[in-house]
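**Q** The whole structure should be built from the sequences, with the hints applied where relevant.
Just so you know, the sequences run in chain order A and B. Counted the way this note's numbering counts, the first sequence spans residues 35 to 381. Counted the way this note's numbering counts, the second sequence spans residues 2 to 601.
It is worth saying that the hints were derived from the structure and are not from the lab. Among the hints, a few may not be true.
Label pairs and their computed distance ranges (CB to CB) [unchecked claim]: (1) A:ASP362 with B:PRO154: 24 to 30 angstroms; (2) B:GLY422 with A:THR62: 29 to 35 angstroms; (3) B:ILE550 with A:SER368: 44 to 50 angstroms; (4) A:HIS267 with B:ASP269: 34 to 40 angstroms; (5) A:MET359 with B:LYS479: 28 to 34 angstroms; (6) A:MET359 with B:ASP569: 56 to 62 angstroms; (7) B:GLY432 with A:ASN47: 39 to 45 angstroms; (8) A:HIS267 with B:LEU53: 57 to 63 angstroms.
Every residue gets a Cβ at the ideal spot worked out from N, C-alpha and C, and that includes glycine.
What follows is each chain in one-letter form.
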Amino acid sequence: MTEAARQSQPEVNRLNLSKKEYVGSDSTMCKGCGHDAITASIIQACYDVSIDPMRVVKFSGIGCSSKTTNYFMNQAFGINGIHGRMSAIATGSGLANHTLLPIGVSGDGDTASIGLGNFIHMMRRNLRITYIVENNGVYGLTKGQFSATADLGTKAKKGWENPWEAIDLASLGVLMGATFVARSFSGDRKQLAPLIEAAMMHNGTAMLDVLSPCVTFNDHEGSTKSLKYIREHRDALNEVGFIPEFQPIEADYDEGSDYSVRMHDGGVVTLHKLKDHDPTDRMQVMTLLEQARNEGKFLTGLIYIDEDKPSFAEQENLGEEPLSMLSDDKLRPSHAALDEINASLMH
Amino acid sequence: MDGAVVNDLNICVATTNGSGSQSSNTVLYKSLYKMGIPCSGKNLFPSNIQGLPTWYYIRASGEGYLARKDDIDVMVIFNEATAAEDVEKVREGGLVIYDDSGPLPEELKRPQLQYLGVPAWNLVKEHIKSPQLRAKQRNMIYVGALAQLFGIPLEVTKEVLTDVFGSKPAVVDANYLCIELGYKHMEASGASQDIARLEAMPGGNDNKIMTEGNTAAALGAIFGGATVVAWYPITPSSSLVEEMIARIHKYRTDEHGRHRYAIVQAEDELASVAMVVGAGWAGARAMTSTAGPGLSLMQEGIGLAYIAEVPGVFMIVQRGGPSTGLPTRTQQADITLMHQGSHGDTRHIVLIPHDNASVFEMSCRSFDFADQFQTPVFLMLDLDLGMNQALSEPFKMPAEPIQRGKLLDKEALEALEAQGGKFRRYFDVDGDGIPQRTIPGTDHPGASYFARGSGHNEDAVYSENSEVYKKLQDRLRKKYETARSAVPKPLIENSTGAKEGLISFGSSYEPVREARDRLSASGRLTDHLLLRALPLTEEVREFIAHHDIVYLIEQNRDGQMTQIVRDDYPDLAARVQSICIYDGMPLAAGDIVQLINGAK
Chain A
35 MTEAARQSQP EVNRLNLSKK EYVGSDSTMC KGCGHDAITA SIIQACYDVS
85 IDPMRVVKFS GIGCSSKTTN YFMNQAFGIN GIHGRMSAIA TGSGLANHTL
135 LPIGVSGDGD TASIGLGNFI HMMRRNLRIT YIVENNGVYG LTKGQFSATA
185 DLGTKAKKGW ENPWEAIDLA SLGVLMGATF VARSFSGDRK QLAPLIEAAM
235 MHNGTAMLDV LSPCVTFNDH EGSTKSLKYI REHRDALNEV GFIPEFQPIE
285 ADYDEGSDYS VRMHDGGVVT LHKLKDHDPT DRMQVMTLLE QARNEGKFLT
335 GLIYIDEDKP SFAEQENLGE EPLSMLSDDK LRPSHAALDE INASLMH
Chain B
2 MDGAVVNDLN ICVATTNGSG SQSSNTVLYK SLYKMGIPCS GKNLFPSNIQ
52 GLPTWYYIRA SGEGYLARKD DIDVMVIFNE ATAAEDVEKV REGGLVIYDD
102 SGPLPEELKR PQLQYLGVPA WNLVKEHIKS PQLRAKQRNM IYVGALAQLF
152 GIPLEVTKEV LTDVFGSKPA VVDANYLCIE LGYKHMEASG ASQDIARLEA
202 MPGGNDNKIM TEGNTAAALG AIFGGATVVA WYPITPSSSL VEEMIARIHK
252 YRTDEHGRHR YAIVQAEDEL ASVAMVVGAG WAGARAMTST AGPGLSLMQE
302 GIGLAYIAEV PGVFMIVQRG GPSTGLPTRT QQADITLMHQ GSHGDTRHIV
352 LIPHDNASVF EMSCRSFDFA DQFQTPVFLM LDLDLGMNQA LSEPFKMPAE
402 PIQRGKLLDK EALEALEAQG GKFRRYFDVD GDGIPQRTIP GTDHPGASYF
452 ARGSGHNEDA VYSENSEVYK KLQDRLRKKY ETARSAVPKP LIENSTGAKE
502 GLISFGSSYE PVREARDRLS ASGRLTDHLL LRALPLTEEV REFIAHHDIV
552 YLIEQNRDGQ MTQIVRDDYP DLAARVQSIC IYDGMPLAAG DIVQLINGAK
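**A** Pasting the structure below:
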């Protein structure tokens, strides 16, 4: 192939897939919606680390955010469930086939309001999933009501003031047993894409709380989830990088400020620390999150990581072969087994 | 005892919950089973751990009737709190067994009854050292007394104790000591009764199994290939999944000790239904088991499974509703909630077993139906069927291998493409309403699709188009119509010349069978149809059309099954009359006979 011919070919990744093949159906979000930027980061991340779309399963609930799983990777299976139940649907799927790569996209209403019960139990079980909350503090499809992540005193477009404190998803994630907790901002692909790459390689619940301003219902003065407010109040814990398995790690390492973790499925997540922070120290992390909350700041970056805790599938002691693929002879016990059962019920 | 009835006896034992009477009652009905006498054991228990009253009905019937018998022949009053009302329930001429460690209170004496005392407290105080054990062992005393009075050989009770407590010889000995004490006391007192005597019927229970419906359903699920079970504890369904937990590892552990199943106790029923949908969508044979309140919480998830066409099995052990209702009593009042579960228009397949053998068979097959029709399938049980001891034919190995329906794997997709075809998830390829299906992890680029609970076209693409929506709704209804010729057909028992028909289903079968014999003995001939599934099959219409009147017996207030029958056959609606019995008690033949005789 001549150099000219090569240049006319689209760029491809290690699976010989172009980035276009990671793009899904057309988005129906409002123009400028943070959610579309998150979709773009998912596409970028999966393309960059050569995730096979046929190994991906996509989950979502109900709400604007939950529509977006249709906007990436059409070659992946997807299920758009019911309001608040995405985490439980993903749990069932994860039992049926634990060898796939699940991505769940949810919103703050779907996760923290109606779905809170199932969400925390999913984290408690450490289900393998990259769970992205597209957090804008507001219900879009029903036109502007507060969700459970809306801050105390924040103003709705209709002028109402939120009377309750917000549920902090990052604190909740750490508390409830998620083993990869991160926070980012839809507009910061440099931070978000490597976090998604690392999350996809994590064998447990990777919960990404991604602030994603709602340009239609929650981007006004007085809102604490407006684009302007988030930009002014985000505070990065670290600079995140991800080195996939197939790339050599360059040994340019500062013992004091750099930190790296090898991920379960390969690759290394690298953190350049901007604060005194140990992402494996749960107590310290909880303190940092609480301090930031008191200061009205959004801590971003990789907040907490535990690569040792067994995943849900491991806790359930599942074999290599997915339950969904077991052949009939492995499912139905023998005639002799039934004879034995009948005999045991005859006295 | 001469001239007494042989092998027709109904004993009711009144004790307190948690007092160990369960073991005593087990010894009694298992002894009857061993003697070859057809028998059943029904537990009327409170929603309580310890201390509230509980009753246990043991019926011996040489004629083979297993339903609750309306007349109580013998009442054991071992619970002071309920003794006054207990003696009122005994039939005229019946017998009361009481603890005569103290005098029998005057108010318990009814002139029409016989009374026999056994000093149970005194006997255990004298012979059992541990004060903690005395309360439990006291209940074995009445076992011995009843055994002596009615003719259960002591060695049979010992055999049963060995079967039940075999691994603990000390427990066998301690219990046997008390049975013997009761027995010997009765023998020495020279007491007798003229109610009935029990005679061994050698071979009478040969090749009959004795178990509970929940156990049968659990085993059916294991043989049906269930791989993912998501559940939340609720009476009276908990023992179904607990039986699975106790039994499945033996059959589904691989050579590395890994599980070929997952049973997850969910955080609530919202989660258990969602897990079933997720697992079913991803290709597992998934199930849950619950009772009314859980089924109420599951409605939205059931709707998702219906419209997204996800297989899943729902084993519903009904109890008294609505709300908490009577959690430890039986009813058939969740029929509508199963058959038309979810908001919007839905119709679901409901399998309706009537004895332990059919519970096993239908539990097993429910997974095939779910896969073949890609939809939620309900197994209708109730507390009476699920939690009480009854005899049945042994479980039968399914004749057919596991059926996965129109599930396309990689090879099938390749073959389809080789013929110029293309997988279209929601396209009615065969005109039966049932599309083809793929599961995540299928290694073929044409396999994937996007499932959703919202309106969608034949290629699984979101659509709000009216025509597309209506077409989907019509096809889903067509699947239900296809199921009419696939679900289990009713069982029909005809009498020559009968003009009246009876329809029963589920746990009503056994009492209706008995009621029919009684009606026949009084000169009223009836034909009988046992309904075994929804949707209704053509045989049901024919049966109704061939009778002047059909009584449909159901254990709910509003005639829920009658409504379905009338809705399906409006031209025959006037011929179908509900016989509704909904007091929460296991159905007895006498209740049915009385209402049918009153009806005309």
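**Q** For each hint, tell me whether it holds in the structure or not.
**A** How the hints compare with the structure:
Separation of ASP362 (chain A) from PRO154 (chain B) is about 47 angstroms and departs from the stated range, judged on CB atoms against 24 to 30 angstroms. Under the hint 29 to 35 angstroms, the C-beta atoms of GLY422 (chain B) and THR62 (chain A), about 31 angstroms apart, fit the expected range. For ILE550 (chain B) paired with SER368 (chain A), a C-beta distance near 49 angstroms keeps the hint of 44 to 50 angstroms intact. The beta-carbon spacing between HIS267 (chain A) and ASP269 (chain B), approximately 36 angstroms, falls within the hinted interval of 34 to 40 angstroms.
Separated by about 30 angstroms at the C-beta atoms, MET359 (chain A) and LYS479 (chain B) satisfy the suggested range of 28 to 34 angstroms. Hint check: MET359 (chain A) to ASP569 (chain B), Cβ distance near 40 angstroms, so the stated range 56 to 62 angstroms is violated. At roughly 43 angstroms, the beta carbons of GLY432 (chain B) and ASN47 (chain A) sit within the given window of 39 to 45 angstroms. Here the CB-CB span from HIS267 (chain A) to LEU53 (chain B) is close to 58 angstroms, well matched to the stated 57 to 63 angstroms.
Going down the numbered hints, you'll see the structure goes against 1 and 6, while the others check out.
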